[in-house]
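Using the sequences provided together with the hints, build the complete structure.
Each residue of the sequence shown is one higher than the one before, counting from 76 in the numbering used here.
Don't read these hints as lab results, they were simulated from the structure.
In this text the structure is predicted, and so the values were computed from the model without any measurement.
Beta carbons: idealized from backbone N, C-alpha and C, even for Gly.
Misleading hints may appear alongside valid ones.
[Stated by the list, open to error] Have a look at the derived ranges for each label pair, beta carbon to beta carbon:
#1 R147 to L102: 50 to 58 Å
#2 D145 to A118: 28 to 36 Å
#3 V144 to R122: 14 to 22 Å
#4 S94 to V117: 31 to 39 Å
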Amino acid sequence: MQEITWMPGRMHGLARQQSLRGWLAILLLSAGGRLISWAWRVAPTARRDEPAAAMEFHADADGTGRVYVDGRLQGTLTGVQRL
76 MQEITWMPGR MHGLARQQSL RGWLAILLLS AGGRLISWAW RVAPTARRDE
126 PAAAMEFHAD ADGTGRVYVD GRLQGTLTGV QRL
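See the structure below:
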């Protein structure tokens with residue numbers, strides 16, 4: 076009969092004695108999780124002091140919509156009459 080191997084979790088009190096390799100895997104997995112959470116805390120965030128660009132949409136009678144950002148034409152949307 077084959078033995079089932081489970082991934083080690085936080086509660087790793089298994090019934091049989093773990094090998095050195097098993098304990099090392101548990102240690103590395105827990106250290107990796109902590110490093111990822113620390114990385115998210117120290118990662119730079121987006122600047123919020125800049126105002127958002129003013130976006131406008133104008134639809135023509137022929138079914139073409141135009142998208143403007145800060146008064147400049149950015150593109151057209153064929154077949155779109157409203158957003």
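Results of checking the hints against the structure:
no.	hint	in the structure
1	R147 to L102: 50 to 58 Å	56 Å, holds
2	D145 to A118: 28 to 36 Å	29 Å, holds
3	V144 to R122: 14 to 22 Å	18 Å, holds
4	S94 to V117: 31 to 39 Å	35 Å, holds
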